[in-house]
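Engineer: Just so you know, the sequences run in chain order A and B. So the first sequence is numbered by our numbering: it starts at 1 and just counts up by one. So the second sequence is numbered by our numbering: it starts at 1001 and just counts up by one.
Mixed in with the good hints, there may be bad ones.
Lysine-lysine pairs mimicking PhoX-like chemistry, simulated, CA-CA at most 20 Å apart [to be verified]: (1) 360(A) to 1438(B); (2) 1055(B) to 409(A); (3) 257(A) to 194(A); (4) 1435(B) to 409(A); (5) 257(A) to 241(A); (6) 251(A) to 241(A); (7) 1024(B) to 1438(B); (8) 1055(B) to 1080(B).
To be clear, the hints were calculated from the coordinates, so they are not data collected in a lab.
This is what each chain is made of:
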Amino acid sequence: MKVIRSLLDKLYEVPGLQRYKPIIGAADAILYGTNETTHAAPHVVDNIDIKRYMSFVILALLPAVAASVYFFGFRVIAIIMVSYMAGGAVEVIFAMVGKHDIHEGFLITGLIFPLVLPPTCPLWVVAIGVVFGTMFGKEMFGGTGRNIFNPALVGRLFITIAFPAIMSANWQQPFDYSLETDATTVATPLGKYKSTAMAGEVNPTVVEFKEDEANKQVLFTSAAAVEKCTLNPESKFDGVKIYCVGNGAYKKAAKHKRIEESNLTRLFSYGDLLVGKEPGSMGETCRIVIILGGIFLMFAKVSNWRIPVSYLGTVFVLALVGHRFLPQDIAPPVFQIFAGGLMFGAMFMATDPITSPFTKAGKYCFGVSCGVLTVLIRSFTGYVEGVMFSIVIMNAFTPLIDQIVLMFKYRPAKT
Amino acid sequence: MIAKNRAFPGGYRFKHFQGRPQDKLIKAAIPAMVTIPLMQGFGDEVAAVVGADDKVAAGQTIGRDDESISSPVHSSVNGKVVNIGKIDYLGNETTAITIESDGTEGWQSLEGCSAAWDNLSIEQIEKLVYLSGASGAGRDGIPTGFNSSIISPDEVENVIIHGVESEMFAVSSGLLLKDDNLSHFAEGTKILRKMLPHAAFSIALNSECKSLITDVSGALADNDWCDVRGLEPRYPADYDEVLVSAVLGREFPVGHLAANIGVIVLDIQAVLAVYDAVVAGKAVIERTIALAGPGFKENLHISARVGSPVQHIIDGMVKQDADLRFLRNSCLTGEALSDLSMPADRTCGAIIAVVEGNNREMFAFVRPGPRKDSYSRTFLSLLFGSEKITKLCETNLRGEERPCISCNYCVEVCPVSLMPHLLFRHVEREIIDEKLLKYGIYDCIECNLCTYVCPSKITLGQWIKDGKAKLIDEGLPCPQPKFALKGLEEDEDAK
Ligand code: SF4
Ligand code: SF4
């Protein structure tokens, strides 16, 4: 180890390398830590630093990374490496030009960004996305701490808009490690729900089969809905295609004598959603480890519980009420919570302290607004998923929210 | 009577740091030389009443000024004045009297003291207390008829006596109140009550020392003017600002002293000093000082004569092979003692020796850290911390300065509910205007806890201090509290 130490010390001295000081410094700091001491009171300070703070986010994400490798194959690793290299290069260049230390933020961006991509994403798109995100999402604003938008989301948004074909259709089925993209792509649960709900009735109280409706289909979102419909003597299921959300509804429907097994399809089960056996972005499918990672971060005080709780809570409540009245448009609550990128977004992206409000009231406001936007976008637009958009939109409003909260908080000027 | 108290927001528990002083007291030898600054703690510098080459006795008044707000200072040894001159003391130029000691232990007692203090008149007691130099170690003295406080005895509504020990290291209240001292303390409190008959007394102790609280409330039972309570030793629980609101539920007059609303804050040593003065006629010539921190061979308390050079007090107790930094009173707000020949005056409660952490550590940021303290829960010390596995106490920054990431740690710990990072951002960008006032910059009690917890290593406390100074330069001084204040004219006169 002494060899590295003396090598680093020598590198600092080499005149030609002055320009690369940020790189040497970063390597030095990561390897050896700092020897700087406090100058004045407080003479003793807390042991936490930004490196550790950030590495805890990575630690919390590792299970999700492992899960995505398990479900989608080793290509995930390649994607993450490309993301780190491209993103790291941008960070280093900006550090060299701006003559400041390399900031640790890209360690998180570089990992979160690939995790929100579809597993089939080509490597060059990954590189473009992370470079764009780091540059325009962060460095343009003056680097870590000053950015308004979550850089990973900016990158993701950019490639969604620039390469819509790659980003919207190609969902790899978990455990399908072959890379023949055309052959294996499937719709995500949210996509399946949306298309099925659009094509037929949702939770009808009575099903009537008419001859002229050749491809009639019906979607049930709960066992209770199935029961209600099947108990109705008027219901006739001959030839009607029945889709069910979750095992409960499926089993109930399968038990019913008048429903033929061949006409019955289970869209997905909640259990599969939870463990990640449904298609989706690389890191967002295995919800159970995401939840655990998120709770771990909150426990470690690295992220704050207010945003995830208010975000998920709002989605749940809105979906609960909305699904009751507009089942055609708004998916059921539990499904919404566990589908798509919501859990990942709420736990790891909306909680980014830099791009979310710092005031307590602002955090709730941010979470609730994200929730409302997510449900609205998922239900009433052409997009299947709305998490990314809602967080980016709310990122833009973050300074305003804080300003307003501060205005109220300090209204009676303390005299 | 054991009373309840209000909690204050934020704060931080400093638990299990290495070098906590044991409940053991030793006596320092009489130093060959003492240096007595003529300004100690609160008030103005007093005039010397002895000259060079005068023979003085321990306990003899050597500096006194009855006109300005101050309390007299005494020689702490028997001997001879060798010099009266200016010294650079804790960053201030102060006149100090240097006395060569003859090495004897005895001291001269104050006139008129009596074990049967109840028979003394209030005036006699006031005189004894004033002459003894007993005062709160903090920012104010004990009101007497002799200008020893900005308010007169009649104006005192509350007295708070605290021994909460919320600092990383503090003098042990249990030790101060051991054996006879418990009854001395109770007597001292009663003497104070006799001097301040309109005041309600509150004694705030470390809530974890249950037996101590029971003992003290037992010793002071049947006195309905006095309540004893436990306060969670969460830093900065023993700051005047926090005590006033936590114990009394009263608003602190920001930018002023507790005395301005009729509250006197004293520590346990001050009460014992009152007892010593009135009953034994002993002036404040001795202090119990905690020797804390990992730099000492043994962490204990030492009773030393006021004005002893720090070097003399710690002589032979310090670990030899370590690179140490010596601090006065507090790790969070105390001054570094660069010159160990400087004296420890009567406001000194602790000498702390911390290790200069200028060593590098392999992969410091990913180490599990079973002995590293952190406000966040990212170190194993969270699970391990105990009396056996103590936390390290050294000056390494453990990280580089980074931009603020709005993690809100500073907001969460601030005991007066400020948003330190918000203030910092304004001061950093040179936005010095009413906004800072609006965000309550003057409410900051400079406890430095925000700097302690910041993962970006931003010296928030310093920035806020600078911000205050700049605001004053801009002509935006601290606004007056809305409620009436006491003792303001005297304050003005003093200036
Ligand atoms: S603790 Fe430091 S990094 Fe965190 S909000 Fe406060 S100033 Fe910013
Ligand atoms: S130094 Fe001031 S701002 Fe910082 S925690 Fe203490 S009171 Fe709050």
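Engineer: None of the hints should be skipped; say for each whether it holds.
Structural biologist: We went through each hint and held it up to the structure:
1. Between residue 360(A) and residue 1438(B) the CA atoms are separated by roughly 18 Å; this keeps the pair inside 20 Å, and the hint holds.
2. Using a Cα cut-off of 20 Å, the hinted pair residue 1055(B) and residue 409(A) is violated, with the two alpha carbons roughly 63 Å apart.
3. Under the criterion of a C-alpha separation no larger than 20 Å, the hint pairing residue 257(A) with residue 194(A) is inconsistent with the structure, at around 28 Å.
4. Taken as a hint, the residue 1435(B) and residue 409(A) pair is honoured in the structure, with Cα atoms around 13 Å apart against an allowance of 20 Å.
5. Taking the CA atoms of residue 257(A) and residue 241(A), the gap is about 15 Å. The hint holds against a cut of 20 Å.
6. Between residue 251(A) and residue 241(A) the alpha-carbon distance is near 15 Å, which keeps this suggested pair within the 20 Å criterion.
7. Between residue 1024(B) and residue 1438(B) the CA atoms are separated by roughly 48 Å; this puts the pair beyond 20 Å, and the hint is violated.
8. At roughly 4 Å between alpha-carbon atoms, residue 1055(B) and residue 1080(B) fall within 20 Å of each other, so this suggested pair holds.
Consistency note: the structure conflicts with the earlier hints numbered 2, 3, 7.
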